[in-house]
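Residue numbers (my numbering), protein chains in the order written: chain R, 1 to 341; chain X, 1 to 341; chain Z, 1 to 341; chain D, 1 to 341.
Hints are supplied without guarantee of correctness; some may be wrong.
Covered, in the sense of this in silico footprint (three residues per stretch, anywhere, with C-beta under 8 Å from a C-beta of chain X), are these stretches of chain Z [to be verified]:
| id | stretch |
| --- | --- |
| 1 | 81-89 |
| 2 | 225-236 |
Partial chain R-side listing against chain D, Cβ under 7 Å, derived [said to hold, decoys possible]:
| id | residue |
| --- | --- |
| 3 | Ser35 |
| 4 | Ser36 |
| 5 | Thr40 |
| 6 | Asn42 |
| 7 | Met44 |
| 8 | Val176 |
| 9 | Ser177 |
| 10 | Ala183 |
| 11 | Phe189 |
| 12 | Ser190 |
| 13 | Val192 |
For lysine-lysine, the following DSBU-like pairs were computed, each having C-alpha atoms within a straight-line distance of at most 35 Å [claimed, not checked]:
| id | chain 1 | residue 1 | chain 2 | residue 2 |
| --- | --- | --- | --- | --- |
| 14 | D | Lys296 | R | Lys112 |
| 15 | X | Lys293 | R | Lys182 |
| 16 | Z | Lys55 | X | Lys110 |
| 17 | X | Lys164 | X | Lys2 |
| 18 | R | Lys159 | X | Lys164 |
| 19 | X | Lys2 | R | Lys296 |
| 20 | R | Lys55 | R | Lys332 |
| 21 | Z | Lys55 | R | Lys182 |
| 22 | D | Lys182 | X | Lys293 |
| 23 | R | Lys55 | R | Lys137 |
| 24 | X | Lys100 | X | Lys182 |
| 25 | R | Lys293 | X | Lys164 |
| 26 | X | Lys296 | R | Lys110 |
| 27 | X | Lys100 | R | Lys100 |
| 28 | D | Lys332 | Z | Lys164 |
| 29 | D | Lys55 | D | Lys164 |
| 30 | R | Lys161 | X | Lys137 |
| 31 | R | Lys293 | X | Lys332 |
| 32 | D | Lys164 | Z | Lys159 |
| 33 | D | Lys112 | D | Lys182 |
| 34 | D | Lys55 | D | Lys161 |
| 35 | D | Lys55 | X | Lys2 |
| 36 | D | Lys100 | D | Lys332 |
| 37 | X | Lys182 | Z | Lys182 |
| 38 | X | Lys296 | X | Lys137 |
| 39 | X | Lys2 | X | Lys161 |
Calculated from the structure, these hints are not laboratory results. We put the beta carbon where it would ideally sit given N, CA and C, even for glycine.
Okay, here's what each chain looks like letter by letter:
Protein chains: 4
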Amino acid sequence: MKVGILGATGYTGQELVRLLEQHPEAQIEFLGSSSSAGETYNEMFPQFMGTPLGKLADEQVPDVDVLFCALPHGLTASRTAEWLERGIKVIDLGADFRLKDPEVYEAWYKVKHPAPELIPQAVYGLPELYRQEIQGKVLVANPGCYPTASILALAPLVKNKLVKVNSIIIDAKSGVSGSGRKASLGNHFSEVHENFKAYGVAEHRHTPEIEQQLSRAAGQSFMLSFTPHLVPMIRGILATIYAQVEEGVSEGALRECWEEAYEGEEFIHILPQGILPQTKFALGSNHVFLQQKYDKRTGRVVLISAIDNLVKGAAGQAVQNMNILFGLPENKGLGGRALWP
Amino acid sequence: MKVGILGATGYTGQELVRLLEQHPEAQIEFLGSSSSAGETYNEMFPQFMGTPLGKLADEQVPDVDVLFCALPHGLTASRTAEWLERGIKVIDLGADFRLKDPEVYEAWYKVKHPAPELIPQAVYGLPELYRQEIQGKVLVANPGCYPTASILALAPLVKNKLVKVNSIIIDAKSGVSGSGRKASLGNHFSEVHENFKAYGVAEHRHTPEIEQQLSRAAGQSFMLSFTPHLVPMIRGILATIYAQVEEGVSEGALRECWEEAYEGEEFIHILPQGILPQTKFALGSNHVFLQQKYDKRTGRVVLISAIDNLVKGAAGQAVQNMNILFGLPENKGLGGRALWP
Amino acid sequence: MKVGILGATGYTGQELVRLLEQHPEAQIEFLGSSSSAGETYNEMFPQFMGTPLGKLADEQVPDVDVLFCALPHGLTASRTAEWLERGIKVIDLGADFRLKDPEVYEAWYKVKHPAPELIPQAVYGLPELYRQEIQGKVLVANPGCYPTASILALAPLVKNKLVKVNSIIIDAKSGVSGSGRKASLGNHFSEVHENFKAYGVAEHRHTPEIEQQLSRAAGQSFMLSFTPHLVPMIRGILATIYAQVEEGVSEGALRECWEEAYEGEEFIHILPQGILPQTKFALGSNHVFLQQKYDKRTGRVVLISAIDNLVKGAAGQAVQNMNILFGLPENKGLGGRALWP
Amino acid sequence: MKVGILGATGYTGQELVRLLEQHPEAQIEFLGSSSSAGETYNEMFPQFMGTPLGKLADEQVPDVDVLFCALPHGLTASRTAEWLERGIKVIDLGADFRLKDPEVYEAWYKVKHPAPELIPQAVYGLPELYRQEIQGKVLVANPGCYPTASILALAPLVKNKLVKVNSIIIDAKSGVSGSGRKASLGNHFSEVHENFKAYGVAEHRHTPEIEQQLSRAAGQSFMLSFTPHLVPMIRGILATIYAQVEEGVSEGALRECWEEAYEGEEFIHILPQGILPQTKFALGSNHVFLQQKYDKRTGRVVLISAIDNLVKGAAGQAVQNMNILFGLPENKGLGGRALWP
């Protein structure tokens, strides 16, 4: 299986290289970068010294079986049709094909969608929810990091109408790598370290993505509150989610709903009661850790979900999608567990 | 003004020494510690080298004008009557006198209150809310760190009935120093660093303290959701607070309510629109940073509040209370601004 | 290949589990812990949720092919004879068999060596130097973390007499995980974070281990300066090493010496000139990154060496040794590259 | 005393504001910035909210008594003559006036010195060494951060000929703030956090500054090795220094030399034996912490020196120099102690 990566110098790109270099069925054929074409990959990223990864190419994509696009939004959609015509399967780690409605895309991303006609072909690549649908597709919209953590926690409860959808609040926290590799005052070590803040309050672009998927699960359209925060760490997302429980729903029913939804899912772990998720449980791995607590004082359930934003929230999930597209076991190349400590 | 500190080796104790050592009217007479009596303070804490702080005493309190108690809950209340009889004013940085109802204390702290008869004498030492009440008192219950951040943000809105009290959710995040100086696996560097987690979900002891103060402000009793999280940093609390806005309340009214409530308060800063609080704005200082955002999509307001948990959330507020008790300007000894970066 | 781990709850033990669980030829049969026997491994360490690792056993070692001992010094040596008699190969990640002279052991470790008669059987498990010697042995003394980083940088230069041995100074820096999982004030997050210090100046126990190996390489006994420091990070060692270059030795000769010594070594990377090692290049991997700089102003060469203290400095090197003992390719199960970022 | 600050938005500039805003004799009259002129200082740096600091000016310096220049090298020297003519005392926190020989400046800074004729007027502003000389001067070259930590540890021993000057090696470690506020990949949180590296090996610009001062102390010219490292923390420098002790010099003599040199110095603390310096002892304060250890095995002494790079290593020392220039007590405005934790 020949694979290519566009945007190979970003953090998601590097993480794809780390995973695919160890994947027994994948052969990295192409590492593309608009800004660093011509540079030797291993000299830019010495963690790969000794592995023959060659030089970064410009963005002319050769014939590969699958292309991972880890590009800023807008750049992938405009070229996707060409790749699909050439028989290349496309897994987009950007935002271009996640939203089904191009007007919603334009409202939140402030640009016109470059290829709205391709949107219907794209499948939302969250395997635990849409495994069947992904098989046989050629264009995968790999979910955003916050949406992955949020939707996995909420979708079963929403689908089974155990919580009031209009009460949902997602308070999410992410490590700094989520903002990418481009240097800015906002990710300067001295500004971020020993510091904590919210950002994008009530206006983060992952909001409509989460709403779209949960509205689909609920069978009704609704809106929710989503607040991202920046944690002084590199990797990891933890979402703390609040929802009012529907009348008559028992504590046991809430837990059983998750257990049924994720029975047999090897990457999803509903933790034993009393053990709360920590982002580090997932560090460097494709695993998801979930816990819930019913608060009888307020009638709310608190859901907690932890992932590694660069693995299950990006590159790992993309490899999982690739495995599905090519009929491989879903865990191929994704066996690694978290570094601890 | 002769001051004494019980629990002088803990993080709150050290912070009291840092502030009081620079306070122009205070003279540290007594540093007490049950575990380290006899040790030279400066050798335990070389940051004070050159300042003659003497040896740690056992817990026999000499004649001082004011005694700061930075002890685990239960240890202060049992001895307070004696100190008050000797004419010593007491500022308790622990939890013993914060809750007005000893039964609530027992339900959350799992011990019988050692001196319920003293509770009525105690004033809740949040100067921006209860300044008048604090003057002339001899026993101050210094607020908890999470309550300080939470109550300052919410009290004006609740008092003015701008938000629905039953919708309030406080998602709070704290640095590790909040858990004290005693070593445990939970504060081991290798377990906390590059990690993020929630703890005490739906059962943290600061919940009833916040509810008590806000119920008082609201003129009605209610309950709320409170979830603390551990941030891989040392100092700082940021509370992200969600509440449904009452019908007919405008965005402007929400902001004006804060502005009126905190007009002239030198430690409270309602940030200009577009600037979100960061815990680092407050690092090492007694200042509070507030921002709010009305989300018209959901009808909720998001409040954000940032403090240094060891200063405004503990030692700084205690010094502020001391200044009030002794008729000094409230900012005496509290002029320092945050270290940045 | 049935493997057992004694000390399975420490950081080295957890890292052995992480590596061996993915090793295609190894089957973890036994996880021993004196303090946590009876506990379910996955509940203590949820990063392994979903992998059937069973319960921690006490320290009765069953019949396994190889036993990894990740115990405090003194505890392994007293039981090794029994294991060897039962045909179990032993890889000791502690200090008991690293020093050839039991008197040196006693001088630095302050205890009598429990089994000096076994010392001659033990091989120092640094494959890049002693590969041939390791084959066919049954008792491996896995090197210390600082010695691994230091010896790999210095041994070729010392052996080829390119530097003056009496001028060697090793200034080494380690992440906090090197001090283990036991909580103490010294590894309390709030004491270590945003802080940097030296420790054990001129008296660290790894000093004689380094001296022994380098004296062997030099063919003459000598002493050196070694200073460890604590870096506010979890994993990683970087050693900065100074040595006076022998008269007449050219800059080129210094580099060629390394290149010859490590030609074909897949875990050793002599970085291209201009690229300095960073500990993160090695994070979570068994790789070693080296650079050198000849300073003509002072006639000294500065060597820099970076490893992950828990992998090449402990568990990874132990697995490498296991592969050698059992005739497997040395990199089996050790293919992973550093997490970046 | 009217003070102005050029380069007021950098980290050194902000630190000057923090210190001077609390200084009882200083009045900040002018905050200059070439890049941010016109912006409101408090909105850029909300930690100062409530303090009327006004807007940033361009770089036209008004009539002030003293001007602090926190600018990149080259920018101060070209304008200094004008300021001196106007009677403004100048404290340069940059490198322009630190080196006495303009050729050395040009060799290391790769630019021609803009005003070599002013160099003789400049005094090297290290009060503990040159207090007398500083009084009455109008142009102070405030020392570099690494030189401050290094020279204070070495100068007395070198001056008293207790160590062999040609054996000196300085292995120094700094927090990230030392590289300034400008964002770059090199100070991106995700690249620096959980990472450690050396930089500028054998070519850092502070090398000739240290050599110049120590050669002056020794009464003979010599060269030394200096290696800086980047620690994943914001503030703090720790220098670990190695030197061969001269024959016949006792351990006691080494310590007494320091004690005599620094007797009565309120910012210098020679720690009691057994207590090693930590950078955090100095965090946010102008204090210096020293320790030494004689290693009889190798005949070397190891010196350790810790400071806050932005205070004693920059802004605090500049304020100390200002106090000297204006005949104030040297500690005026510098009373604060380290934040701990």
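Against the structure, the hints:
1. Here's how the stretch 81-89 of chain Z fares: 0 of its residues keep a CB closer than 8 Å to some CB of chain X, so the rule of at least three is not met and the hint is violated.
2. Proximity of the stretch 225-236 of chain Z to chain X, defined as three or more residues with a beta carbon under 8 Å from a beta carbon of that chain, is established by the 3 residues found.
3. For Ser35/R, the interface hint is violated, the least distance from its beta-carbon to any beta-carbon of chain D being 12 Å, above 7 Å.
4. With a least beta-carbon distance of about 12 Å to chain D, the hint placing Ser36/R at the interface is violated under the 7 Å criterion.
5. Taken as an interface hint, Thr40/R does not check out: its beta carbon lies about 17 Å from the nearest beta carbon of chain D, beyond 7 Å.
6. Given the 7 Å rule on beta carbons, the hint for Asn42/R is violated: about 17 Å separates it from the nearest Cβ of chain D.
7. Of the supplied interface hints, the one on Met44/R is violated, with its beta-carbon coming no nearer than about 10 Å to a beta-carbon of chain D, more than 7 Å.
8. For Val176/R, the suggested interface contact is upheld, since its CB lies about 5 Å from the closest CB of chain D, less than 7 Å.
9. Proximity of Ser177/R to chain D holds as hinted, the smallest CB-CB distance being about 5 Å (cut-off 7 Å).
10. For Ala183/R, the suggested interface contact is upheld, since its CB lies about 4 Å from the closest CB of chain D, less than 7 Å.
11. Because the beta carbon of Phe189/R sits about 4 Å from the nearest beta carbon in chain D, less than 7 Å, this interface hint is met.
12. For the restraint placing Ser190/R at the interface with chain D, the shortest Cβ-Cβ distance is roughly 5 Å, inside the 7 Å limit, so the hint holds.
13. About 4 Å separates the beta-carbon of Val192/R from the nearest beta-carbon of chain D, less than 7 Å, and the hint is met.
14. As the CA atoms of Lys296/D and Lys112/R are separated by approximately 74 Å, the hinted pair breaks the 35 Å bound.
15. Taking the CA atoms of Lys293/X and Lys182/R, the gap is near 28 Å; set against the 35 Å cutoff, the hint holds.
16. A C-alpha spacing of about 33 Å is found between Lys55/Z and Lys110/X, which places the hinted pair at or below 35 Å, so the restraint holds.
17. Pair hint Lys164/X plus Lys2/X does not hold up; C-alpha atoms about 46 Å apart against a cutoff of 35 Å.
18. For the hint pairing Lys159/R with Lys164/X, the CA-to-CA distance comes to about 28 Å; that is within 35 Å, so the pair holds.
19. A threshold of 35 Å between alpha carbons decides the hint, and for Lys2/X with Lys296/R the separation of about 48 Å lies outside it, so the pair is violated.
20. A threshold of 35 Å between alpha carbons decides the hint, and for Lys55/R with Lys332/R the separation of about 27 Å falls inside it, so the pair holds.
21. With a C-alpha separation of about 45 Å, the suggested pairing of Lys55/Z with Lys182/R is violated against the 35 Å cut-off.
22. This hinted pair checks out: Lys182/D and Lys293/X have alpha carbons roughly 30 Å apart, not beyond 35 Å.
23. As the CA atoms of Lys55/R and Lys137/R are separated by approximately 31 Å, the hinted pair is consistent with the 35 Å bound.
24. Restraint check for Lys100/X and Lys182/X: satisfied, since their Cα atoms lie roughly 29 Å apart, inside the 35 Å limit.
25. Using a Cα cut-off of 35 Å, the hinted pair Lys293/R and Lys164/X holds, with the two alpha carbons roughly 23 Å apart.
26. Taking the CA atoms of Lys296/X and Lys110/R, the gap is about 19 Å. The hint holds against a cut of 35 Å.
27. As the CA atoms of Lys100/X and Lys100/R are separated by approximately 54 Å, the hinted pair breaks the 35 Å bound.
28. For the hint linking Lys332/D to Lys164/Z, the alpha-carbon distance of about 50 Å lies beyond 35 Å, and the restraint is violated.
29. For the proposed pair Lys55/D and Lys164/D, the alpha carbon gap of about 53 Å is over 35 Å, so the pair is violated.
30. Proximity of Lys161/R to Lys137/X is assessed by CA-CA distance (about 53 Å); at most 35 Å being required, the pair is judged violated.
31. For a cut-off of 35 Å, the pair hint linking Lys293/R to Lys332/X is broken: about 45 Å separates their Cα positions.
32. For the hint linking Lys164/D to Lys159/Z, the alpha-carbon distance of about 28 Å falls within 35 Å, and the restraint holds.
33. As the CA atoms of Lys112/D and Lys182/D are separated by approximately 24 Å, the hinted pair is consistent with the 35 Å bound.
34. Proposed proximity of Lys55/D and Lys161/D is contradicted: the alpha carbons are some 52 Å apart, above 35 Å.
35. Of the pairs offered as hints, the one joining Lys55/D and Lys2/X is violated, with about 42 Å between alpha carbons and a cut-off of 35 Å exceeded.
36. A C-alpha spacing of about 29 Å is found between Lys100/D and Lys332/D, which places the hinted pair at or below 35 Å, so the restraint holds.
37. For the given pair, Lys182/X sits about 13 Å from Lys182/Z by alpha-carbon distance, which is consistent with the 35 Å threshold.
38. Annotation: proposed proximity of Lys296/X to Lys137/X is violated, straight-line Cα distance about 44 Å (limit 35 Å).
39. Pair hint Lys2/X plus Lys161/X does not hold up; C-alpha atoms about 43 Å apart against a cutoff of 35 Å.
In this structure, the hints that do not hold are numbers 1, 3, 4, 5, 6, 7, 14, 17, 19, 21, 27, 28, 29, 30, 31, 34, 35, 38 and 39, in rising order.
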